[in-house]
Amino acid sequence: MTVWIPKGEFPSMQEDYSEMHGNWQGNILAYRTEIRQKAVIHLENLYRYMYYYLTEEGWVAPDGSKDYETYYFDLRKQTGERADVRIWWRMEMGPGFGPGGMAGIHPFLKYKLNIDFLCHNVKRIEMVHQGRKVKPFIGDVTVWIVSILELDYCGWFEKSGIMDIIKEYFVRRIYKRNIREHEVELRRITTRYAEDFKHFIGMLRPSEERKMIHPQKGFY
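Quick note on this note's numbering: the sequence shown kicks off at 3 and runs consecutively.
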């Protein structure tokens with residue numbers, strides 16, 4: 003089912019999207035998930051992994067740079083130790099612009115990816131890993147991942163009175179198949195990122211859940 007959301011809206015993780023919220027004049031919610039994990043996690047390695055993964059996939063910030071971070075909040079205790087860390091990343095990419103795709107930017111469609119990262123109850127511990135003493139952080143990690151297929155980001159139909167009349171026909175008839183294909187492709191890209199992220203922090207991916215294996219030990 004295609005879920006339409008109003009333009010410029012960030013889907014709430016608590017909101018029920020079993021029914022259509024917007025209409026064909028909005029954007030399409032391609033994927034949305036929430037990942038939680040409480041484990042010994044090396045936050046710096048996790049940050050690097052998330053960042054370089056997205057960079058290699060071809061994602062850029064709205065201004066075209068690789069500075070995805072639009073918000074960083076670091077709550078510290080009176081002792082100076084971290085308590086909570088919150089990070090927001092906002093990215094976009096033209097269809098076919100990533101690795102293996104056709105060069106160029108689509109004139110009508112754009113992929114948008116929003117990632118919110120929260121690490122709660124952060125504290126540093128000492129442990130021995132592979133014969134070395136390390137001091138990783140432990141905390142409750144929650145990551146929200148949302149991908150949106152933005153339509154008519156250049157505002158072609160809004161700028162012209164004649165084009166505005168045929169917009170519904172264009173979206174529902176002429177370009178319906180192309181929009182559907184890009185919705186599926188964006189969902190595939192985001193799902194793969196979410197599953198690889200789960201694997202990195204020690205969570206089982208769906209393809210691994212039925213296998214009888216011992217849980218991985220160590221930190222990430």
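The set of hints was computed from the structure by calculation and includes no laboratory data.
Don't take every hint at face value.
Said to hold, decoys possible - Here are the simulated BS3-like pairs of lysine-lysine, each with C-alpha atoms no more than 25 angstroms apart in a straight line:
id, residue 1, residue 2
1, K135, K125
2, K125, K137
3, K125, K68
Item to check | In rising order, the numbers of the hints this structure does not comply with | outcome: 3
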